[in-house]
Amino acid sequence: MKVLTFTKEKQFIRLLLWSLVCMVCQLPLAHASLAEPVDRIELEEALHEIGQKYQVYFNYDRSIATNITVDYEAGKHTSLEEALEYVLENTNLGYRIFDERFVVVFENNDQGIESLKEMIGLVQGFVDERETAQNREVRPVARLSTLSASETYKNRIVFGISGTVVDDSGEPLIGVNIQVKGTNKGTSTDFDGNFTFDDIDENAVLVVSYVGYQTQEIPVAGKSTVMITLRSDSQLLDEVVVVGYGTQKRKNLVGSVSEVRVEDISTRPAANIAQSLQGAVPGLNIKSSAGGDPSKTPSINIRGFNSINGGSPLILVDGIEEDISHVNPNDIETVTVLKDAEAAAIYGARGSFGVVLITTKSGREGEFKVDYSNNFSYTTQTTRTDFVTDPYVYAQAIDAAIGAYNGASYTGYNDEDWEIIKKVAAGEIEPYHEKQPNGKHKFYYKTDFYDYMFKKWQPANMHNIAISGGSNKMNGYFSGRIYKREKIQNIQDAQMNRYNLNFALNFKPYEWLELSGKSKFSNKFDEEYGGTKNGWGDVYGVSRWRDQFPIFPPTIDGIGVSVGRTGSGYVGRIGSLLAGNTWRRWNYENLTNTLRAKLTPIDRLELNFDYSNNISRTDRSFRYAPFEFLSGNRLKLQTGGLNRLGEWRWKDQYSALNLFGSYSYDVAQDHHFKLMMGYNQEQFTRDRTTTQSEGLLVREKANLALGTELYNIDGSSLDWAIQGYFGRFNYDFADKYLLEINARYDGSSRFPDGSRWGIFPSVGVAWKMDEENFWSGLSDIIPLFKLRGSYGRLGNQNVGVNTFRQLIGLGRTTWLENGQKLNYARVPSPLPQNIGWEKVTSSNVGVDFGFFDYKLTASIDLYERNTTDMYLPGEPLPAVFGASEPKKNYAALRNRGFEFSLGYNGSFDVMGSKLTFNVSGNVSNFKGVITKFDNPNGLLSSFREGQVLGEMWGYRIDGQFQSDEEAAQYQAQFDKVSTDLAKVYSSIFNKTSNSDWDHLKAGDVKYVDVNGDGRLDNGKNTIDDPGDLVVIGNAMPKFPFGFNISSKWKQFSISIMGQGVAKQDWYPSGPMYWATFHRPYVSFIRKDFLDNTWTPENPGNTYPQKERAYIALNSGRSLYNQNDYYLTNIGYLRVKNLTVGYTLPQEFTQLAKINKLRIFFSGENIMTWRFGGLTKYMDPEVVGSSISYSNPNSANSRYNSNTEEYPMGKTFSMGIQVSL
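Residues -35 to -1, 1 to 1185 (mature numbering (1 follows the signal peptide of the UniProt record, and there is no 0)) are what the sequence shown spells out, left to right.
It is possible that some hints are incorrect.
What the hints assert, rightly or not - Straight line, CA to CA, 25 Å or less: simulated PhoX-like cross-link-like pairs of lysine-lysine:
1. Lys1028 x Lys1141
2. Lys326 x Lys214
3. Lys214 x Lys146
4. Lys421 x Lys1141
5. Lys701 x Lys820
6. Lys701 x Lys639
7. Lys701 x Lys804
8. Lys411 x Lys387
9. Lys421 x Lys411
10. Lys150 x Lys892
11. Lys804 x Lys897
Calculated directly from the structure, the hints in this document are not laboratory data.
Kindly produce the complete structure, drawing on both the sequences and the hints.
See below:
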C-alpha cells in the first residue's frame, strides 16, 4: 500500500484546518457505544472502529458505503493498511492515505476517480491530478450483495462546511446568526461574511437570520461550501400572522392587523407586559390606571373611546381570555392586535372593541436548549422632588398667605423666632424644639419630608429560565420567572413579587394527530403600609398632610410627631408607619390548563379541539392597628388608630371550549378557497366572602380569631356564560383579489331569553395591485401596493350580569329603635324593557405600501366605528316614585380616526464592517361624537347630541391685572349686583370688607365677559345658555405616536423605543400644582412655584401674588374655574426604553460550552420632553391617566394633582442572556 504524504509548506495550513474538521467530525462518534465484535458488520461501523483505533479520519461519499456488510474483527490487525485491505476485500472500493492521518475511500470506477480528484483538491490543493487507478495500489474485487442496515448502529458520518453570506447586491453581511436546526450549535459571520462549521451532519439544515432580512433555512445536502444570499424583508410577506382561530400569510391579510416586535419586550425591566406595549402599535392606547404603580395593570384601549359603558379589547392568551398581568414577558412568542370588525368578528360579542392575541412559547424539535436571563434594576422618579425645604422660606410663604386671608399667623413666629429659623436654615444652629410657658412647643427644624417618606432608588431583580427541546414525536417547553421589587415607601419596605411557571408539551403519535397541553401558574403579591387615626389614609397623599412641614420634625425620641390638625383623624401617619402594623396586602394566584388536539385525517382538512380551565384566587387583607404618636404642639403622647382586620376572598373559575375545523381547496391554478367553522362556549363563576373583626387582642398579629367583636360578614356570587357558532370563508384569485367573510352567532346569559342571541357578520376585500401585469414597470420602485376594505357589525355585552333581574338589597339601619337596629330591604329599580346588545358597526379602508425592494414600508388605515343602542339610564323619574329610573338601549356615538405606520431597514459600512438598522414609527388619532342621547335640555353636565368627547368648557382670561388701579376699575364695572363677581372670584370678592385682599389686586386674573351681559357666570349651564363658558380645549389625547430604532454592528446592538402624545389639554388642580393657592398649609411647595408669582418687579410671572390663599380650592374660585389662561398641554415625548447589548464571540463562549452570552444595559422612561407648560414636578403620563372618558364631567373635572398617585418610575438596569 503506497502512502502519500505532503511536504509542501503551503499545504500545511490547509491540512491543519482539515484535520481540525475531521477531528471534530469524529467527536460524536467517539462517544457512541460500540457493538461487540461480530463476523459481519456494516462497513460504516467498521470504518468508524478503524478510525478510533488508528486515530485517522475518513472522507467518502456516504452513498457508496450504505448497506454494505463486511468481515471485521477488532484486535485482529496490526496496521492501518492491513485493516483497510481486510475490510475492503470483496468490495468495489479503494482507499488512499494522506499524511498518515487522512483516509479517502472511493469507488473504483471512473466516477469514483473523479470524486477522488475533488477530495484530493480539497485536502492537498493540487491544481491537476492525472493519476489513474492503475497507479494506485488498490485491489478491485467483485462487489458482494448488500444486506439491510443493522438496527443497532445509527451513527452519523459528519464533516465540515464553510460559506459566505451576502445581501442582494453581493455585499458580505457581518454578524449574521447561523444555527444548525434542531441543535444548539451556532455561529455568526465574520467581517467578510464568512462562517465555518466543523462538525455537522451532511443532511443538516442551516437557519440563517439577520435583522432586516428574511430568515432562511439552507439544506447542507452534503455540500462542503455554500453561498447564501439573504433577501430583504419583502419576503416577510410570506410569513404567517396569528389571527382568530388560526394563522394567515401576512400578504393575504384583509383586515387591520398589527404585530408587536416581541424581541423588544423580553429585556425590558417592566413588571407588566402591558407597560411594554405602549407605543408599539398604532391605535393601541395604554393608559396607567394608578399613576406609576408597577403593581397595577394599565388600561388598554384600541382606537379610542368606544362606548359610554366602556369598552376594552378582548385579551386572549393562547386562545383563552386572561389577565395580561399573569403573562411572563419572556414566554411570549407573538403578539397580534386585531383592530377592525373584519379581523375581530370571529370573536363576536367579546371582540367588539378589538382583540389582542398573545401566543406563548411551546416545545420545539431539536436538542434540549437552556436559556437563562436576569435583570437587576434600580428605579427612581421621573419628576423633580426637590421641594422647598428651607424652613424660613416655607414658613414665610405660609404666614403671608394666611395673614392676607384672615390676618392670622399660622406658625405663630415672632421676630425672634424668624431669626432662629433663619439660622437653622443656614445651618448655623442645630434644629430643636422649645417648650413655651403655656405648655406648647415651638419647632425650629429643617426637614425634607419627601426624602424621609420615599426612597430615592427602589431595587428590583428578575430571573428567568427556560428549557426546551425534544424529538419530532415529543417535545416540550418549561420556564420559570421570579421578579421581586421594593416599592417606594421608605419607612417600611413594601414588597411586590411575581412568580411564573409555564409548562408545555407537544406529542405527535401519528402523522395525522398532534396533541398538546399547557399549564401556566402565576402568583402576585403586593403590599403597602400606612394608616391614620381613623382609617387608612392614602400614604401617597402626603402633599395634603398638614404636619409634613419643614419646620417640624418627623419624630421625637423615636415616636412620630403629628402637630397639625390634631383634632381630626388625619394625624399620626408617621407613627403608624413606624409601627408597621397597619398595612394592605394582596395575593393573587392563577392557574390555567389547556388541552389541544389537531387532526389532519385527509389532505387539506384540519380539525381542532381545545379545552381550557382557569382558576383564579384573590386574597386581600387590610389591617388597622393602634399606634403611638405625639399629638399637637403640646407633644401629648396618644394612642390612636382603629383596631380592625378585614379579609376578602375571591375565587373565580373560567372554562372555554373550542371546536373548529378548516378545509382548503384549489380550483385550477388561480382559485383558492378555505372554509373554517367552529363552536365556542365559555363559562365564568365568582364567589366572594368578606369577614371583618374588631378589637384584636394583639397588635402585631393579624388573625380573625384574635378579634373580640365581629364587625362585618358578607358574601356574593355571580356567573355568566356565552355560546357561539362562528365561521370564516377565504377566497383569492390569482393571488391578486382577496375576499374574506366572517360571521358569528352569539348568545349571552347577560340578556333575557328573548334578546340573548345576535348574529354578527363582517366582510373584507383586498386588491394586490402589485401583482397586476400593468404594475411591472413600477415593481422595482413599489413592489407592494395593496388596497384593503372591510365592513362589519359586532355586539357588546359589557353590561351587568343581572341586568334583567330585579335585585333587592338588604341592610340594617344605623339608628336604634327599641334598642335594636332594624333590618330593611331596598326597593329595586323597575325592570328595563326589551334590552339587548349594544351594536358596534365598523368600516375600515387601508393601503399597504412597499418601496425599494421593501426597504421602506408604510401602511395607512382610515376607520369609522358607530356604537348604537348603548345601555344607559332613561329619563329621570319623580322622587316620589321611590326608585331609580330603568335603563334602556338608546344612546349612540361615532368614532372616526386614522392610523399611519412607516418603517425602513437598511445597512451601510462603518469602519469596514456592516451596520444594519431598522427604523419604524406610527401615529394615530381619533375623534368621538355623541350622535344620540336623551338630554332634551342640553345640559353641559351630561352627554348630549353633537358633543365632541373630551371637550372642555371654561372661561376666557384676558391676562393678569398689572396694577391695583386696573383691578379696581375692572371691579367697578360689575358693581351693580354683589354676586356678579362672586361666581368666579368667590374667595376674593367681598364688597363689605375693608381689607385690601378682599378685593381684586394686581396679579389676579381678568375674566372676559364673553356674552356681554355684564355678568360673569355660566348662565343656565346648557348648550343654549352657557353664559360666559366656551369650549377651551379637549381632554382626549391627540395624535399618540411611537417609534422604534434598532441597529446591529459586529457584536453590538442597540434599540430605542419612544412614545408620546402630541397634544392633550388638562386644567390643573390640587395642592401639588397650586400650592398655597389651594391650601396654604400644604405639605410640599414646588421650588418653581414661588419664583413664578406676580410681583411689581416681575409682572410677567404666571401666578397671582403669593399672598393669595384658597383661590384654587374649590368651585367658584378664580383659579379653580377652568379657563384658557392656565389650560395646559400635557403632550410629551418619552424615551420609553433604551437597550444596549453586546454578544460575546462564540469562539470564546463555546470554550465554556455556552452557545450564546449577551450582556445588556437598559433604561426605562429615561428622558421626557414636555410640549406644554407642565411643571417638571408632575409626570404627563400620571396626569393624563386621571381622566375618565366615560363621564363628561371627568373630562372637565379635576385631577387631584398631589402626590396621591404612585410616582412614575425611571429605571436603569443590566442583565445577561445565556443559551446553553
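Results for each hint:
Taken as a hint, the Lys1028 and Lys1141 pair is honoured in the structure, with Cα atoms around 17 Å apart against an allowance of 25 Å. For the hint linking Lys326 to Lys214, the alpha-carbon distance of about 20 Å falls within 25 Å, and the restraint holds. For the hint pairing Lys214 with Lys146, the CA-to-CA distance comes to about 23 Å; that is within 25 Å, so the pair holds. A C-alpha spacing of about 17 Å is found between Lys421 and Lys1141, which places the hinted pair at or below 25 Å, so the restraint holds.
The straight-line distance between the Cα atoms of Lys701 and Lys820 is roughly 22 Å, inside the 25 Å bound, and the hint therefore holds. Straight-line distance between C-alpha atoms of Lys701 and Lys639 comes to about 16 Å, which keeps the hinted pair within the 25 Å bound. Between Lys701 and Lys804 the CA atoms are separated by roughly 33 Å; this puts the pair beyond 25 Å, and the hint is violated. Proximity of Lys411 to Lys387 is assessed by CA-CA distance (about 10 Å); at most 25 Å being required, the pair is judged to hold.
With a C-alpha separation of about 19 Å, the suggested pair Lys421 and Lys411 falls inside the 25 Å cut-off, and the hint holds. Pair hint Lys150 plus Lys892 does not hold up; C-alpha atoms about 53 Å apart against a cutoff of 25 Å. Only pairs whose Cα atoms come within 25 Å are accepted, and Lys804 paired with Lys897 is accepted, the gap being roughly 14 Å.
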